[in-house]
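Residue numbers (the working numbering), protein chains in the order written: chain A, 90 to 178; chain B, 90 to 178.
Quick caveat, the hints were computed from the structure, so don't treat them as lab data. Remember, predicted model here, so these are calculated numbers, not experimental data. Some clues are possibly wrong.
Copies of one chain are not kept apart here, so a pair can be met inside one copy or by any two copies together.
What the hints assert, rightly or not - Each computed BS3-like pair below joins lysine-lysine, with the alpha-carbon atoms no more than 27 Å apart:
no., residue 1, residue 2
1, 145, 102
2, 145, 126
3, 102, 126
4, 177, 145
5, 177, 96
6, 126, 143
7, 96, 145
8, 143, 103
There are 2 protein chains.
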Amino acid sequence: MLSPQTKIIDIGKKHIDDYIFDAIVSFNEGIDEIIIKGRGDFISKAVDVYRILKDKLGDSIELVNVEIGSERFRGRRRSYIAIRVRRKY
Amino acid sequence: MLSPQTKIIDIGKKHIDDYIFDAIVSFNEGIDEIIIKGRGDFISKAVDVYRILKDKLGDSIELVNVEIGSERFRGRRRSYIAIRVRRKY
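Bound conformation, chain A alone (with noise of 0.2 Å):
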């Protein structure tokens, strides 16, 4: 494949392992680049899925970048978190 594959996870109320899990089964079916993304009060979880990611990937991932901003949401500026994460092989 030319392009990287990059797949967007976003963090809402399901509980954090659900994160984890989907982030794992996409690395292996050999997407390269995730991105966790969350807004508002889920920034604090998505930080936690990435934390917990490299906990059990350890050198396999990397991480890539951190971007913090926010959009409109319901006529509302809202927060957001996108932790960009990598697969190194």
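Fit chain B to the supplied structure of chain A, relying on the hints for placement.
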């Protein structure tokens, strides 16, 4: 001054405006860089502090980098975010 002055603002239970105010006063007093640090559930609030500060100060500040990681706290690991912001002029 030869080396830039850095101040860490630890985000906790106080009203969000208190942290914004603290940051603005610090920049006005000559601090060059502020690290907005949030741990655990306060990570989301730290990103909000950055967003509101950026709204208020606009181009006079810039985001240097965003670090995420974890640290020991009372025998458990806890995620954190460190948002480094620099005064441009």
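Each hint, compared with the structure:
no., hint, verdict
1, 145 / 102, "within (22 Å within a copy, 31 Å between copies)"
2, 145 / 126, "both (19 Å within a copy, 25 Å between copies)"
3, 102 / 126, "both (13 Å within a copy, 24 Å between copies)"
4, 177 / 145, "within (14 Å within a copy, 40 Å between copies)"
5, 177 / 96, "within (15 Å within a copy, 35 Å between copies)"
6, 126 / 143, "both (16 Å within a copy, 21 Å between copies)"
7, 96 / 145, "within (19 Å within a copy, 34 Å between copies)"
8, 143 / 103, "within (19 Å within a copy, 31 Å between copies)"
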